[in-house]
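Protein chains in written order, with my numbering: chain A, 1151 to 1839; chain B, 2 to 181; chain C, 255 to 567.
Hints were generated in silico from the structure; no laboratory data involved.
Among the hints, a few may not be true.
With a Cα cut of at most 25 angstroms, we get these calculated DMTMM-like pairs of lysine to aspartate or glutamate [to be verified]:
| no. | chain 1 | residue 1 | chain 2 | residue 2 |
| --- | --- | --- | --- | --- |
| 1 | B | 93 | B | 121 |
| 2 | B | 93 | C | 552 |
| 3 | C | 564 | B | 126 |
| 4 | C | 564 | B | 84 |
| 5 | B | 93 | B | 153 |
| 6 | C | 564 | C | 541 |
| 7 | C | 564 | C | 540 |
| 8 | B | 93 | B | 63 |
| 9 | C | 564 | C | 552 |
| 10 | C | 564 | B | 121 |
| 11 | B | 93 | B | 45 |
| 12 | C | 564 | C | 500 |
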Amino acid sequence: MTAWLGTFALALGFSASLGSIGLWARAAAQGGADGSHSPPARAARYGAWLIALGAVGAVAAVEWALVTHDFSLRFVAENGSTSTPLYYTITSLWAAHDGSLLLWLLVLSGYIAVLAFRPPRAAGALHPWAMAVLCLVAAFFFGLVLFTTQAFETVVPAPAGGPGPNPLLQDHPAMGIHPPLLYIGFIGMAVPFAFAVAGLITGDVSRRWLDAVRTYTLFAWTALTAGVVLGAWWSYAVLGWGGYWAWDPVENASLLPWLVATALLHSGLVQRHREALPAWTLSLAVAAFLLACLGTFLTRSGVVVSVHAFADSPVGPILLGFVVALAIGVAALVVLRADRLGPPRPTGSMLSRGSALLLNNVLLVCLALTVLLGTLFPLAAELLADRQLSVGPPYYNRMAVPIALVLLLLMAVGPVVRWQGDEPARLIRRLAVPVAVGACVVTLLALSGTRGTAPLLAFGLASVVATTIGAECVSTVRRTRAARSCGWARAVGIWAVRRRHRNSGLLVHLGVAVAVVGIAASSAYTVSTEQRLTVGEQVSISGVSAELSGVERTRTERVMSTAAQLVLRRPDGEVSEVDPALRFFPAHGMTVASPVVLSDITGDVYVTLLAVDQDGSQATVRLAVNPLVGWIWAGGAMMALGAALALWPRRRSRGSSQGTSRGTSRGDRVGSVDPEPASDVELDEAVRQ
Amino acid sequence: MTAGQTRHVAVAVSVLAVAGLAVLLATGLGSAGSQSSSSALVGDPAPPLAGRTLQGTHFSLDSLDGAVVLVNIWASWCGPCREEIPLLVAAKRNWADSGVELVTINTRDGPAAARSMLRELGATELRSVRDPQGELAVAWGAAGVPETYVVDRDGIVRARRVGVVTEQWLREQLSPLVAR
Amino acid sequence: MSPARRTLVAGVVVAVALLLAGSAVWLGGGDQTRPMSARVDDVADGLRCPTCNAVPVADSNSPIAQSMRAQIEEQLRAGRSPEQIRSWFVDRYGEQVLLLPGTDGFGLLLWVLPLGAVVVGVVAIAISWRGRRKAPDDGSGDGTRSALSTRRVAVAAVAFVAVGAAVPAALWQSSSGDAAAGAASATGDTGDTAAIDARDWVRVARSLEEQGDYDAASDAYREVLQRRPDDASVRTRLAFVLLRGERPGEALRVVEPVASAPGKPDGEALLVLGLAQRAESMPQADDTLRRFLSVAPEHPAAAQVRRLLKGQT
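In isolation and in its complexed conformation, chain A is listed as follows (with noise of 0.2 angstroms):
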């Protein structure tokens, strides 16, 4: 019965996205302003109900056969078992492919639902063939599962049990988050792809489809970003060698479009404010998309070897085919009709804000391009050269560290320099504050004993990049305070309401300026020792020590957990008990390790066991102290605050007045970052009183 439901789900979601594509092209065809308000667009809404309908329903089949352990169905006697919790259960559904699918599905028929009832305000004729684009993108994935994946097949005789999802799958609660996130961001960039094929077919790249484009970017980016932090401190927190970032193929994946959606963040505001480069950021929130479904195919078809690949799925060549047809498709549209998006215009002078957006960009897409480059490399060693050949953390990290060291120099500088262009004189008068901290940052971490000198260009720049978003803080809340006469608490909050939108893409720089130093001194000053232990005795390094006092096993019928207690003993004269543990999965014949990780602002001592000897009498453990880690998550936290900030829908409550009195050619203001190209002047005036 299940099976069939989700069958019928599936089947319901496949023909009413095959059917709503017509409809919203036929929308789009009768055209003009009002194409989304037209019989064949108020018949298509239903189908948007529908599709949603067809996702949530196949994701509810099976979500109800995991948690009722129904093993008939094929997907949960593989997946699924009796002794697994509730949680790990539920969030089985992604553990492997065809399910993982079904998600992919149910947040892509979100998108359409939410697209197709509350369509961007004015976005006349883009609305309906960007919808329709959606559905097609829609009926392939529907198509893909009904014909492909075997989610819903069934088993006779039903096995009593299954062995449940991988054990590292099992094991944190971030497996509940982190891939929901990531599909989130990974789909989401369907909708920028989609209104930009839009756009190609329509010509209007207005400001009202930059809008709509940018909005959705950024929700998109938001939960990437996210997803992205979540996964780095889940593999912290799990894989036991203190690392978070492994430049694997599938991490890899999904950084490039995280890469190319920064990138067309920063050339939207280009566009936004000096009406350039629309084919530019078009051809941006193409690649975004491509670029996940790339990510998509190459964790599923297993042409690279990776952890988190899934092991044998057979949709590789059609998710491969699906990519080239868009790439082959949208490339032609984007030669062919880039010329019609309006007339060439400059970007502004050497000097300006335009120029430090655009090497921005061009340092974004190089980064993006040697990650590709460096994930398909051993790839195309053995088909063209003939060698087998590996692409690794050393490769990616001596590419990465140069680049991000002059994005970071850009940001520091870009918020700085107006749109108009600028004097060098005028630069140095604004800069000199903010470098002059950068080195004196640089000087004193370098005279204390800093080695290294990527991580002390980090910190430099990082402070440099803090002191710049500080300084314009402060002048801006003077500037209120002097313009209205009022008290600093008072200025502070005019300041933190009226001017959200910059604030909070500054605070989104900040983050990761704070980010960046969490990044360099762990990987730089990580101190780590590993040592076989005899209870009584111990281990430390850099003033931790850990004693042994014991060794503990326990058993359930899922897992068998061998944890050793240790003493641990801090430079601060802390003293903590800790048991870091080997867990058995026997369903798997997998062990899993459960470190222990205890963090303050100044780092993170890490306590892994390594291995126990049979009589319990001896445990190697490995002791890290790895300074700084903390930051990573608090810069993550603190960009995916910020972009939230600036998609908050700030003008809801008197919408329509305002979006009246401004006319309706400036769209929907959600989620643009910075609504009054005025401020940056202002500021600049401000700032050079």
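Given the coordinates of chain A, work out where chains B and C should sit on it, guided by the hints.
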């Protein structure tokens, strides 16, 4: 360049890039999962192999100069090794007349556990060089256990096998070397 | 203060600060006496753990990675340079052991291409600056906005679907022709689906068996048998699971046809048959087990069976 030319170049470049990427990934699909087990060591002189054995004596590979040698890497914690060791012992017996010697490296293992496994398998006489840190296994380019290498009379590594050996593989590898 | 004075002061501040920081970094970058574990990690970071998926030796806890670190430490203590150690590993594990490919021949592309991309990008920006000076914005050229006609969109959509369908079709064509390469990519025909299906079931059965859930495992093995009825090894495995699940009668029925099949008797099947017969206290059990010993004297279970037989007589 005129706008028209630029556009043609752009068309060509983007189509080529997409097509190239597609061909690359398609080829990758075809060969996914294939992992070669050829060793860089095959054709090179055998790495040194010497140390204390499980039986407490000293052994060096040099003492078997002029013999065809099977070098096997095993450990008591490795399941397949349990199946393989009787096979190797039998092979040594069958090929002894042709001058084939068997040496094993007991890697990352406790001597007590290793000895008790050999007792269980009735192979207490198996010549096993102890390699508690696994450095010998690494020197032989091993990726895991079990692995088996064939060294010819001139001390050159001729073949490597990842995983349990079969009688057929041993015959294929040893026959031509013994014949010389 | 006049703007010019302020610029001068700011310039001096910036210059002094940069000088100070630069010299501090330069002086600080010099002497570095790193502890042995860090020097081992420096080398291990650049080597790939051969049994893991693209994970550096420094970040893996697998036995082989631990051994490789021990080897690196030994060689560093013997005074060998990191470069010598790397080439020592390449001699044994091939050049894929290096996570940073050499810059010779093909590997050079890895460095040239990104650099080229940066250069192209910067040149493009430079051109945009020059273009700004040369061609003021007059809104001329073919920059007029226009929409694509519906018919063209339809043609494009059809072409799109055609390309999307052609790629997997071509891939399937080539993979079903090339049986060896086709193993990994799923093919459309039913024979292969059944094979994949059966393989999946074996996996499920194995894991259930390891879990000790013999009833469920036997159900799963029966699934496999439905798909591959002729597979003797699966039949034997099923009988073995039934035996462990204390259902020797069923085991007997399942394994009998395999053990009595014409041709060279199957040792494994004889073993299971013998054990099942013993469990049912059938008189022919010892005979069967002796036949097993004669067929497969090297079998891992042989020693135990010998003990069993000895203990009885």
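Is residue 93 (chain B) close enough to residue 121 (chain B), meaning Cα to Cα at most 25 angstroms?
holds, 19 angstroms
Residue 564 (chain C) and residue 121 (chain B): Cα distance at most 25 angstroms?
holds, 16 angstroms
Take the C-alpha atoms of residue 564 (chain C) and residue 540 (chain C), compute the straight-line distance between them, and say whether it is at most 25 angstroms.
holds, 10 angstroms
Given the hinted pair residue 564 (chain C) and residue 500 (chain C), is their Cα-Cα distance within 25 angstroms?
holds, 24 angstroms
With a cut-off of 25 angstroms on the C-alpha distance, tell me whether residue 564 (chain C) and residue 126 (chain B) pass.
Roughly 23 angstroms separates the two Cα atoms, so the pair holds.
Just to be careful, I want the Cα atoms of residue 564 (chain C) and residue 541 (chain C) compared with a cutoff of 25 angstroms; is the pair within it?
This hinted pair holds, its Cα atoms lying about 13 angstroms apart.
Would you mind confirming whether the straight-line C-alpha gap from residue 93 (chain B) to residue 552 (chain C) stays at or under 25 angstroms?
holds, 13 angstroms
Given hint residue 45 (chain B) paired with residue 93 (chain B) - CA-CA distance at most 25 angstroms:
holds, 24 angstroms
Is the Cα-Cα distance between residue 93 (chain B) and residue 153 (chain B) 25 angstroms or less?
holds, 15 angstroms
Below or equal to 25 angstroms on CA atoms is what counts here, so check residue 93 (chain B) against residue 63 (chain B).
With a Cα-Cα distance of about 19 angstroms, the restraint between residue 93 (chain B) and residue 63 (chain B) holds, given a limit of 25 angstroms.
Keeping to a limit of 25 angstroms between CA atoms, is the pair of residue 564 (chain C) and residue 552 (chain C) held or broken?
holds, 17 angstroms
Quickly compare the C-alpha distance for residue 564 (chain C) and residue 84 (chain B) to 25 angstroms and report which way the hint goes.
Holds - the C-alpha atoms of residue 84 (chain B) and residue 564 (chain C) are around 22 angstroms apart, at most 25 angstroms.
Checked against the numbered hints above, the structure breaks none of them.
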